[in-house]
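Student: Taken in sequence, the protein lines are chains Z and A. Its first residue numbered 131, the first sequence is counted upward by one per residue in my numbering. Its first residue numbered 131, the second sequence is counted upward by one per residue in my numbering.
Derived by calculation from the structure, the hints in this document are not laboratory data. None of these values were measured; they are calculated from a predicted model. Treat the hints loosely; a few may be bogus.
One copy or any two copies: either way a pair holds, since identical chains are not told apart in the list.
[Stated by the list, open to error] Straight-line alpha carbon distances no greater than 20 Å define the calculated PhoX-like cross-link-like pairs of lysine-lysine that follow:
(1) K418 - K284
(2) K568 - K586
(3) K588 - K622
(4) K588 - K569
(5) K392 - K418
(6) K569 - K654
(7) K687 - K717
(8) K568 - K588
(9) K284 - K392
(10) K249 - K415
(11) K650 - K588
(12) K622 - K586
(13) K586 - K569
(14) K249 - K617
(15) K586 - K650
(16) K588 - K654
(17) K349 - K311
(18) K654 - K586
(19) K568 - K617
(20) K418 - K622
Residues per chain are reported as follows:
Number of protein chains: 2
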Amino acid sequence: MINQKLMQIRKLMANRGISAFIVTTSDPHQSEYLADYYKTREFISGFTGSAGTVVITRDEAILWTDGRYFIQAAYELSGSDFELYKMGVPGTMSITEFLLDRVQPGGKIGFDGNCVSYKLYRELLENLDDRMLIGNLDFIDSIWKDRPALPKEKVFIHEIKYTGTSAGRRIEKVREEMETKGVDYYLVSALDDIAYLYCIRGNDISYNPVVFSYAVIEKDRALFFVDLDKLEDDVRDYLDENSIEYREYDEIRNYLSEIPGKSCLLFDPATVNLNTVESVNSNVKLIKSGSIVQNIKAVKNETEINCLKNAYLKDGVALVKFFNWVETGTPTGTVSEVLASKKLLSMREQQSDFIEPSFETIPAYGENAAMPHYSPNPASPVYLKPEGLFLVDSGGQYLDGTTDITRTIALGKLTDDEKKHYTLTLKSHISLASAYFKKGATGYYLDAFARLPLFKYKMDYAHGTGHGVGFFLNVHEGPQSISAVYKDVPIKEGMVVSIEPGLYIDGSHGIRIENIAYVKSIEKNDFGEFLGFEILSIVPIDTRPVIVELLSDEELKWLNDYNKKCYELLSDYLTGSDLMYLEEATKEVIR
Amino acid sequence: MINQKLMQIRKLMANRGISAFIVTTSDPHQSEYLADYYKTREFISGFTGSAGTVVITRDEAILWTDGRYFIQAAYELSGSDFELYKMGVPGTMSITEFLLDRVQPGGKIGFDGNCVSYKLYRELLENLDDRMLIGNLDFIDSIWKDRPALPKEKVFIHEIKYTGTSAGRRIEKVREEMETKGVDYYLVSALDDIAYLYCIRGNDISYNPVVFSYAVIEKDRALFFVDLDKLEDDVRDYLDENSIEYREYDEIRNYLSEIPGKSCLLFDPATVNLNTVESVNSNVKLIKSGSIVQNIKAVKNETEINCLKNAYLKDGVALVKFFNWVETGTPTGTVSEVLASKKLLSMREQQSDFIEPSFETIPAYGENAAMPHYSPNPASPVYLKPEGLFLVDSGGQYLDGTTDITRTIALGKLTDDEKKHYTLTLKSHISLASAYFKKGATGYYLDAFARLPLFKYKMDYAHGTGHGVGFFLNVHEGPQSISAVYKDVPIKEGMVVSIEPGLYIDGSHGIRIENIAYVKSIEKNDFGEFLGFEILSIVPIDTRPVIVELLSDEELKWLNDYNKKCYELLSDYLTGSDLMYLEEATKEVIR
Numbered sequence: 131m132i133n134q135k136l137m138q139i140r141k142l143m144a145n146r147g148i149s150a151f152i153v154t155t156s157d158p159h160q161s162e163y164l165a166d167y168y169k170t171r172e173f174i175s176g177f178t179g180s181a182g183t184v185v186i187t188r189d190e191a192i193l194w195t196d197g198r199y200f201i202q203a204a205y206e207l208s209g210s211d212f213e214l215y216k217m218g219v220p221g222t223m224s225i226t227e228f229l230l231d232r233v234q235p236g237g238k239i240g241f242d243g244n245c246v247s248y249k250l251y252r253e254l255l256e257n258l259d260d261r262m263l264i265g266n267l268d269f270i271d272s273i274w275k276d277r278p279a280l281p282k283e284k285v286f287i288h289e290i291k292y293t294g295t296s297a298g299r300r301i302e303k304v305r306e307e308m309e310t311k312g313v314d315y316y317l318v319s320a321l322d323d324i325a326y327l328y329c330i331r332g333n334d335i336s337y338n339p340v341v342f343s344y345a346v347i348e349k350d351r352a353l354f355f356v357d358l359d360k361l362e363d364d365v366r367d368y369l370d371e372n373s374i375e376y377r378e379y380d381e382i383r384n385y386l387s388e389i390p391g392k393s394c395l396l397f398d399p400a401t402v403n404l405n406t407v408e409s410v411n412s413n414v415k416l417i418k419s420g421s422i423v424q425n426i427k428a429v430k431n432e433t434e435i436n437c438l439k440n441a442y443l444k445d446g447v448a449l450v451k452f453f454n455w456v457e458t459g460t461p462t463g464t465v466s467e468v469l470a471s472k473k474l475l476s477m478r479e480q481q482s483d484f485i486e487p488s489f490e491t492i493p494a495y496g497e498n499a500a501m502p503h504y505s506p507n508p509a510s511p512v513y514l515k516p517e518g519l520f521l522v523d524s525g526g527q528y529l530d531g532t533t534d535i536t537r538t539i540a541l542g543k544l545t546d547d548e549k550k551h552y553t554l555t556l557k558s559h560i561s562l563a564s565a566y567f568k569k570g571a572t573g574y575y576l577d578a579f580a581r582l583p584l585f586k587y588k589m590d591y592a593h594g595t596g597h598g599v600g601f602f603l604n605v606h607e608g609p610q611s612i613s614a615v616y617k618d619v620p621i622k623e624g625m626v627v628s629i630e631p632g633l634y635i636d637g638s639h640g641i642r643i644e645n646i647a648y649v650k651s652i653e654k655n656d657f658g659e660f661l662g663f664e665i666l667s668i669v670p671i672d673t674r675p676v677i678v679e680l681l682s683d684e685e686l687k688w689l690n691d692y693n694k695k696c697y698e699l700l701s702d703y704l705t706g707s708d709l710m711y712l713e714e715a716t717k718e719v720i721r
Numbered sequence: 131m132i133n134q135k136l137m138q139i140r141k142l143m144a145n146r147g148i149s150a151f152i153v154t155t156s157d158p159h160q161s162e163y164l165a166d167y168y169k170t171r172e173f174i175s176g177f178t179g180s181a182g183t184v185v186i187t188r189d190e191a192i193l194w195t196d197g198r199y200f201i202q203a204a205y206e207l208s209g210s211d212f213e214l215y216k217m218g219v220p221g222t223m224s225i226t227e228f229l230l231d232r233v234q235p236g237g238k239i240g241f242d243g244n245c246v247s248y249k250l251y252r253e254l255l256e257n258l259d260d261r262m263l264i265g266n267l268d269f270i271d272s273i274w275k276d277r278p279a280l281p282k283e284k285v286f287i288h289e290i291k292y293t294g295t296s297a298g299r300r301i302e303k304v305r306e307e308m309e310t311k312g313v314d315y316y317l318v319s320a321l322d323d324i325a326y327l328y329c330i331r332g333n334d335i336s337y338n339p340v341v342f343s344y345a346v347i348e349k350d351r352a353l354f355f356v357d358l359d360k361l362e363d364d365v366r367d368y369l370d371e372n373s374i375e376y377r378e379y380d381e382i383r384n385y386l387s388e389i390p391g392k393s394c395l396l397f398d399p400a401t402v403n404l405n406t407v408e409s410v411n412s413n414v415k416l417i418k419s420g421s422i423v424q425n426i427k428a429v430k431n432e433t434e435i436n437c438l439k440n441a442y443l444k445d446g447v448a449l450v451k452f453f454n455w456v457e458t459g460t461p462t463g464t465v466s467e468v469l470a471s472k473k474l475l476s477m478r479e480q481q482s483d484f485i486e487p488s489f490e491t492i493p494a495y496g497e498n499a500a501m502p503h504y505s506p507n508p509a510s511p512v513y514l515k516p517e518g519l520f521l522v523d524s525g526g527q528y529l530d531g532t533t534d535i536t537r538t539i540a541l542g543k544l545t546d547d548e549k550k551h552y553t554l555t556l557k558s559h560i561s562l563a564s565a566y567f568k569k570g571a572t573g574y575y576l577d578a579f580a581r582l583p584l585f586k587y588k589m590d591y592a593h594g595t596g597h598g599v600g601f602f603l604n605v606h607e608g609p610q611s612i613s614a615v616y617k618d619v620p621i622k623e624g625m626v627v628s629i630e631p632g633l634y635i636d637g638s639h640g641i642r643i644e645n646i647a648y649v650k651s652i653e654k655n656d657f658g659e660f661l662g663f664e665i666l667s668i669v670p671i672d673t674r675p676v677i678v679e680l681l682s683d684e685e686l687k688w689l690n691d692y693n694k695k696c697y698e699l700l701s702d703y704l705t706g707s708d709l710m711y712l713e714e715a716t717k718e719v720i721r
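Pulled out of the complex, with its shape left as it was, chain Z reads as follows (with noise of 0.2 Å):
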């Protein structure tokens, strides 16, 4: 089947004389979750994870992806003529090396401009000079017979008692940032900055509840580029009261071509593909810069912040409810991860305003959860027992806020392992979640205070300690990051981040203990302008795993007023044997 599909795009590629063909897995706006209509690596190759590059030369099939889905894609890939090259692993040749030694110069490098953002092209440029890249070719919809429709999913109004802020400021605000720059004209392409700019939301991907759509402002004109379809007339009237022209999503390109020469076009290179780039008028000055609206989104109001505030009790309330079901059923070995995970997709439904998961649930027990990207098999269920850790990372899509968090919380014994490096993650929480910070501090200088407790130990966590997250969203949003790669973002005020330490061990247990929070000023004095975190999720931290002699006093302290929090702001919302588990989890933890 696959090997069949291989031998039609080399069939492709011998007519149009492609040495070698790319298949990213990517979506014309780079989206992080992609529609159905866009798994074309996943068609090609069989390969089901998130990330992944292949590349088909007339010999060889080869999928690049990360640490996360060596073990998936090996046995996906199994039966089929394509080679799995782990990315991270030394010795593994990259895909540019890759293209060097099987490409001689002058060769033909195709792939499909549409899903290729202009950067990656560029890179691609640099890297390979000597090669003709042809960035027109989307051999995989010759051959994919019976491809996913695009979504056809209606596009609706966030309401400003939502958003705090109307599309017209919005625009507006992007404008004085314009005139700044000294930009005629803008194009986003990033769809959760399209949706957030003109306060409209959609169900184009999962988990995501963005739209399809293309926008420009211009000096005095704003413009969506959408399918037509998706505008019921309540959406068309919102979008005429607030002068946003409307025009079909494959417009863009002729409208791009239309500017006039010598204007001023600002883009983000990492976010609009090639061939979007292309279809620019050539006399149009091109002014290549992170998001202009990604910077103000990022930034929360206060009627965002108090709207958070309320989907984050909701989604405390779902899981306490959630845990205690687990706690109560796992002792009769009738729950199941899979079970477990449904269980909490219905305990958000119960809740007002709830959309859909912000992501994929991940609910890790024992030693699954040393894998900080878990899925189970559904064809293998494991069913959880009382004893070890249970791990469970998930997040709902509320009306008003964008959830996520984790718990990991103890089902009956543990090891002296479990418990140390339980308590270990948990200083590690506590250490940024408590901290202050100057002003113009980044992300990477605040991920040092995630690690030092851990670096103690001589133990680490291999991914970041904390994302943006959107508000009714994109679970992941930047353009912060808490992380030990460097990158020059001020962690500011009104900005939302997760904490999400973790430690994991192969073969044997896994934790993470996650909160999101804003960032808010503490005080401004002599020294500087001090800014600290306000934690957002109310759910209580287990408080069972924990060995009170690694803890000091300011920790415990954390701890204890952390979880007392979560009862006085949660008890009023549940009753019965929730509120008694409340109750219990939320009980002080003395020396």
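Please build the complex by placing chain A on the supplied structure of chain Z, with the hints as guidance.
Tutor: Just chain A, lined up with the frame of chain Z:
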């Protein structure tokens, strides 16, 4: 006097049609400290501080300097036509802004290209376009009648028992790096780089045992451009043995002009001056890069580390004797800051292989310590009293290493704030000194470890946390830096750095606790490779100002362990009241 000089300069400017003349604080090698010959900015302005830039126009004369020198500069400029522009103060015009404002497009801006780095020249060129830069104007020399002579101090060999590796081996290492980069010629201009590379030292600049010189490494030759009068027979023999060709200092430009075309010449634009770069044959390909030698020099070898341990032991003996003398003398009212400084020098002079201080001692009593770079005014001596805090930041040049240490001691009764701020500074020091970190972490990341405890109290210090330290070389050495300003340089095993947090309360008191440490590997495990610090400095940390309740058990243990180690290492070298002082100073602190 100053105004007369200004008149003379303006006459020279008028003759050449120069609209603005820049005088920088620098020598041809961009040394941190200047030989008297190069103190041109001091000559023209009367301002004696270590940092500042002068711009003279037809009717204005401006000095820019930073916050350390606002008071001193205002005082020293008074009575002249010079105006002070305070760098870092909002609303102050930058030098570039000033030049753009005062010099019309097409106007000429002059300076001495012999003392302006190529890097600064390029920056001026970029920011001042439409203005002409004239870089060959040594106007100061024309009017400086009694200009001091260039130093004539002899060069001497830094023996292999100190350096551990020979000049030959170091040159070889440089050539390996040159080959990787495809470089034929490497021009070394930083004086400490040259001293390190050829294992020689000199005495051309106070505090820095370096020689005015250039080095060039070719694929099969090594050249040393130096005032040949400085080379006695033993040094000439040494250079011959190591196949290092020596030539007159001024020959460098002829040499550079004769490099064959199409060769590749690498240099560090931050340390090579404009005129030297311009003398290179214009057909040579220039590669601008960080200094190769600096990166090699920064990682100390085993011999160097062992020598350093001995140097710091001797330095510790001197410091304990000094502090005993201070505390004994203070109640008599006869100990001034300046006298203390002199006494400290005499204590160091008693130690073997001591050469000179490694920088000007900062002996700051009481409120004076609130100025991190305080220098006493000999005209109005400050006498120590048996109360408050006394901060002493000092260092020595020994054949077996460069030392740098700050201790702040209680001379008697302290205020609650003094105690609290001392304890917080100590917590900050311990937080970094006791930390482990992952291989690859930068100094910016580590800076977070030091400031975390201060941020908790919404306090901070407005200087870096640590700098590299040379080995019988400059006390400030790159490329590493532990600072809240990001620099993409990992802190590597073998690097030597200072750890020197502080707290400064204007008009009241100042505290800094500084140790020098080297970086060593702690453990390599499944989580990665962990590095940590081993402290070289051996001087007790005063425990009298410590508020024990503010220290965690771990911190208290660290303090007691450190002082115990000081006792163990120093007690054999002290007798009588010095030994008693040490015993008292290293007594265990208990809750």
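Student: Decide, hint by hint, whether the structure agrees.
Tutor: Status of the hints after comparison with the structure:
In this assembly of identical chains, the alpha carbons of K418 and K284 never lie at most 20 Å apart, being 32 Å within a copy and 56 Å across copies at closest. Taking CA atoms no more than 20 Å apart as the test, K568 paired with K586 passes between copies only; the shortest distance there is 11 Å, against 24 Å inside one copy. Only between protomers do K588 and K622 lie at most 20 Å apart by alpha-carbon distance; the minimum there is 17 Å, versus 31 Å within a single protomer. Taking the closest pair of Cα atoms, K588 and K569 come within 20 Å of each other only across two copies (12 Å); inside a single copy the shortest separation is 30 Å, beyond that limit.
Taking the shortest Cα distances, K392 and K418 sit within 20 Å of each other inside one copy (16 Å), while across copies they are farther apart (35 Å). For a Cα distance limit of 20 Å, the shortest separation of K569 from K654 inside one copy, 10 Å, qualifies, whereas the shortest one across copies, 35 Å, does not. Taking identical chains as interchangeable, the C-alpha atoms of K687 and K717 lie at most 20 Å apart only when both belong to the same chain, with a minimum of 12 Å there against 32 Å between chains. In this assembly of identical chains, the alpha carbons of K568 and K588 lie at most 20 Å apart only when taken from different copies (9 Å versus 27 Å within one copy).
In this assembly of identical chains, the alpha carbons of K284 and K392 never lie at most 20 Å apart, being 37 Å within a copy and 64 Å across copies at closest. In this assembly of identical chains, the alpha carbons of K249 and K415 lie at most 20 Å apart only when taken from the same copy (17 Å versus 30 Å across copies). In the homo-oligomer, the alpha carbons of K650 and K588 lie at most 20 Å apart only across protomers (14 Å), although the nearest pairing inside one protomer, at 32 Å, exceeds that limit. For a Cα distance limit of 20 Å, the shortest separation of K622 from K586 across copies, 18 Å, qualifies, whereas the shortest one inside one copy, 29 Å, does not.
Within a single copy, K586 and K569 get their C-alpha atoms only as close as 27 Å, which misses the 20 Å cut-off; across copies the closest is 14 Å, which meets it. Taking CA atoms no more than 20 Å apart as the test, K249 paired with K617 passes inside one copy only; the shortest distance there is 17 Å, against 25 Å between copies. For the identical chains of this complex, K586 and K650 are inter-copy neighbours only, at 15 Å across copies versus 29 Å inside a copy, given an alpha-carbon limit of 20 Å. In this homomeric assembly, K588 and K654 come within 20 Å of each other (Cα to Cα) only across copies, at 9 Å, whereas the closest approach inside a single copy is 36 Å.
For a Cα distance limit of 20 Å, the shortest separation of K349 from K311 inside one copy, 12 Å, qualifies, whereas the shortest one across copies, 48 Å, does not. In this homomeric assembly, K654 and K586 come within 20 Å of each other (Cα to Cα) only across copies, at 13 Å, whereas the closest approach inside a single copy is 32 Å. When the C-alpha separation of K568 and K617 is checked against a cutoff of 20 Å, the pair qualifies both within a copy, at 17 Å, and between copies, at 18 Å. Taking the shortest alpha-carbon separations for K418 and K622, neither the intra-copy value of 23 Å nor the inter-copy value of 36 Å comes in at or below 20 Å.
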